[in-house]
Amino acid sequence: AQTVTQSQPEMSVQEAETVTLSCTYDTSESDYYLFWYKQPPSRQMILVIRQEAYKQQNATENRFSVNFQKAAKSFSLKISDSQLGDAAMYFCAYRSEGDDMRFGAGTRLTVKP
Amino acid sequence: ETGVTQTPRHLVMGMTNKKSLKCEQHLGHNAMYWYKQSAKKPLELMFVYSLEERVENNSVPSRFSPECPNSSHLFLHLHTLQPEDSALYLCASSHLINGANVLTFGAGSRLTVL
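Chains as they are written, first to last, in the numbering used here: chain A, 1 to 113; chain B, 1001 to 1114.
A portion of the hints provided could be inaccurate.
Heads up, simulated SDA-like pairs for lysine to any residue below, C-alpha to C-alpha not over 20 Å straight-line [what the hints assert, rightly or not]:
1) Lys1041(B) to Asp31(A)
2) Lys1036(B) to Met1046(B)
3) Lys1022(B) to Asn1070(B)
4) Lys1040(B) to Arg43(A)
5) Lys1040(B) to Gln14(A)
6) Lys1041(B) to Thr110(A)
7) Lys1040(B) to Ile46(A)
8) Lys1040(B) to Thr3(A)
9) Lys1036(B) to Thr110(A)
10) Lys1018(B) to Pro1066(B)
11) Lys1040(B) to Tyr25(A)
12) Lys73(A) to Pro1042(B)
13) Lys73(A) to Asp31(A)
14) Lys1036(B) to Leu47(A)
Reference listing, derived: stretches of chain A covered by chain B, where coverage requires no fewer than 3 residues with Cβ under 8 Å from a Cβ of chain B [as the list claims (entries may be wrong)]:
15) 38 to 45
16) 65 to 76
17) 87 to 100
18) 103 to 110
Everything labelled a hint here was simulated from the structure, so no lab data went into it.
Backbone N, C-alpha and C fix where the C-beta goes; we use that ideal spot for every residue, glycine too.
Next up, chain A with everything else stripped away, as it sits in the complex (with noise of 0.2 Å):
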């Protein structure tokens, strides 16, 4: 089974910093997909960015980009110039073409004003 490891579990930023978030998984898979969700406190989980494995360039969305290294099957995310709305849970997953999503444990971010 294919498992996602998160290795922080918790992370703390300044405001206006940059910070990364580590994620590996495990999969015998080649196509796959990978993925980015947020949770603020309370609030529901959204999805802040998506790698397709197929794709050598790395996914960018505004502050947020992903360092996705497919040899290494390591898959972080990077938030820079840090906000205080950044603050949340964050949680890697993995999903294969005729399976389900699979989730890490998730890192908990604090950003520091």
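Please arrange chain B on chain A, whose structure you already have, making use of the hints.
Coordinates of chain B only, in the frame set by chain A:
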């Protein structure tokens, strides 16, 4: 809160009670999901409904009983729960198509079993 709506947001119940969680989506999605979120653990997929048919059970205890009367509504019926069932229960929906199959989540129902 838009897209996927869950009610109630908070529920406290005794072990002998029977209650239900409700999920509603009007996004035109054809797949709906129940996830269990416990502290410091990955989200656990409980049930998947595709085109209103259940396609996955994941060995969930029978004290949890899902119901999907149509493509827009999903219920989770609860009876004789245990304290360890206390968690945040998340509903999600998606287009069941090949590809990324991005999930849209509800805000969750926080369940406390006394």
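Does the structure break any of the earlier hints, and which numbers would those be?
1, 5, 9, 16
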